[in-house]
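Between the sequences and the hints, there should be enough to build the whole structure, so can you do that?
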Amino acid sequence: MSPQTKHRTAPRVGFTAPLNRLLAAPIMRMLLDEHVFDFYASRLDPQLTLNRILARVEAIRPEARNVVSFVLRPNRNWRGFRPGQHVQLTVEIDGARHARTYSPSNAPAADGTVTLTVKRHPGGRVSGYLHEHLAVGDIVELSQAFGDFVLPDPVPAKLLMIAGGSGITPLMAMLRDLLARGIDTDVVFAHYAHTHRDLIFAGELVHLGERHPNLHVYFGVTGRSALPGELSGRFSGHHLDRMASDAAERCTLVCGPGGLLDTANALWRERGYAELPRGEAFTPGLATVTDTSEIALRFTRSFKDVRGKSGVPLLVQAEGAGLRPRSGCRMGICRSCTCRKQSGAVKNLLTGEITAEPDEDIRLCISAPVSDVTLDL
Amino acid sequence: MTSSQARPLTREEVAAFGAELDELRSRIVADLGENDARYVRRIRDAVRWSELGGRALLFAGILPPAWALGTLLLGLSKILENMELGHNVMHGQYDWMQDPEFHSQTYDWDNACSAIAWRHSHNYVHHTFTNVVGRDRDVGYGFLRLFPEQPWHPAYLLQPAASLLLALGFQWGVALHDLELERVLRGEKSVEQLRRELKPVLRKARRQLLKDYAIFPLLAGPFFVPVMAGNLGANLIRNVWAFIIIFCGHFTERVETFPESVLESETRGEWYLRQLKASSNLDGGRLFHILSGNLSHQIEHHLFPDVPANRYAEMAVEVKRIAAEYGQHYNTGSFARQFAAAMKRIVRYALPNVAPVRRAVDILVEHVGRLHGVEALRA
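If you read the sequences in order, they're chains A and B.
Be aware that the first sequence starts at 1, since it is given in this note's numbering, and climbs by one per residue.
Be aware that the second sequence starts at 1001, since it is given in this note's numbering, and climbs by one per residue.
Hints may be right or wrong, so weigh each one.
[What the hints assert, rightly or not] Only some residues are given here: those of chain A computed to face chain B with a beta carbon under 7 Å:
| hint | residue |
| --- | --- |
| 1 | HIS35 |
| 2 | PHE39 |
| 3 | ASP94 |
| 4 | GLY95 |
| 5 | ALA96 |
| 6 | ARG97 |
| 7 | ARG324 |
[Unchecked claim] Sample of chain A residues at the chain B side, in silico, Cβ under 8 Å:
| hint | residue |
| --- | --- |
| 8 | VAL36 |
| 9 | PHE303 |
| 10 | ARG326 |
Everything labelled a hint here was simulated from the structure, so no lab data went into it.
Don't be surprised by glycine CBs; every beta carbon is placed ideally from N, CA and C.
Below is the structure:
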């Protein structure tokens, strides 16, 4: 492990930066808009764009059952990421673009590559496409990195990382980054998966654990009987005692399905630990809303009145009614689906907040109606 | 209102008629995919290369053939961009691609009318209230009298000349359209509101004027004048063509207009029926359809304004069959015939609705028709 320079967040000033400034001038905007520039530029080089981040697939490697890593090399517009952050990956499937959010699993690298580790979900349109069709040399689009789920700065003396399933990716990026930067922090790293075949990065974690005395790796299997030395069943207080009796003193980071984060939070509260785990659940609590009384939805631009259900995201209901609103992440982060609500009350499914202001902009994917709602769609 | 030549339908028949069109729509929408995305990108490619070619030729515009060719190519590029790309994209026909380059909410066209004003006056007002006199402001654009239902006024005597000016400056007519100047004149709309709405209109207008009449000519250095003249020529070509195509879509011989009362509790089937009766198609080949922005399939466009235009040709076969099945007139004809009919309206309704005038115009039109041997004029 060699001490590294801090290359990770410094924005890379690409050759298009002066060009960007030039094109941002009002006079240039009249001559050439971004799409026009990108059109002609892409004839010279498929990755040459003004602002859009286009990344070339450099390598593809299997990581576990139904889990594959894609090593991507973005163009100069990419400004780097901090371990733990997300990017939105956009691919075109049968003429339509689809975006999904992933956390890079690699440490930010000097070569600027981004590794996305993708688990294939049954029936998952994008993950299925990535696994079956994406090939080395293909070009995909990325967003800039975003999100606050990052290591505290300065790095705490003791860390506990708990990863459920493919939730390992941001935590793996943090761990790899710590080790690459030679930061000698005491890390307890637990990775849970359904079976042994579903454990991601298992070989590398074992190897790293052997090389770094301050890194303590635990594996947990929830759907099979565990081997000696492994954790059996879902994450519990018993597991916590076994791997980190000093959990109260540790800065804890949790990433996995919603249930894992709920369990951890409940456990921390029950034990009265001062600092709750920092967590990220990749299935926001959308399914937990069970109230489904019938309400009326009006889409003014489309002249459509339909019967809707309270508690169900408006994006889903609009699509169900045959509309095609813009959408992106479908988890309330990209704001692609921002839409003017003309009347009615909606509940923010992430925060539980209910707002009834007329003419307010809401994000359709995380807003569920709690009354009749009229949308400018 | 304009008498209907179609068989009156019962409520049940109207519902069944609407259901058949809904079914057609669903079938096409479910089938949208890679081919449609490829189509709109090919149109985009043609727009970009023809613009580049046109402007490059104009930069060599000191040579007359290069100037003429450049003007023509740039005009063609603007036609393609406004009509087959911009108009259709701004309708949301390609929103399903989720590509910001082809999305109705982000696209802005090479036209003096801003995208936002256009989406309001066209996508919303015109496409919802199509040919409802008093509601659809495209019926005469607030200053032309094209149907007997519109009350006559002596000022309409000037409309043949006004139409010619509109044709030449069509993009400016469209840009001003959403401001509803006639309502300001009638005192129905405050000057204050007009001033507020004028701001974005002026911003877009300035951008368009600077682009074609200052920046590109300046870039050409010593060839300032030929480039500016070429750009003007290209804009004129686009204006006149757009005017012609659009007048052929709603102002032909047998299109119908409607009183506001039809809007009360209008069903989906009735809306479809009104769109069919209010629109007219143009026969032609594939290239003609593309250059008209597929507005040659005006009927299909009005029935399915947000279905990709490249599908209208195949939908037209079905729509024609459904219209026949329900005894409805499917208004289509040759370009010459439909255009002559629209021009006839401009002359005819400049004059008041009195029998001698009507007869005089008919005789005159017949005479002109015989002189030019255009059978269509007598249609």
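So, going through the hints one by one against the coordinates:
no., hint, verdict
1, HIS35, "holds, 5 Å"
2, PHE39, "holds, 5 Å"
3, ASP94, "holds, 4 Å"
4, GLY95, "holds, 3 Å"
5, ALA96, "holds, 5 Å"
6, ARG97, "holds, 4 Å"
7, ARG324, "holds, 5 Å"
8, VAL36, "holds, 7 Å"
9, PHE303, "holds, 7 Å"
10, ARG326, "holds, 6 Å"
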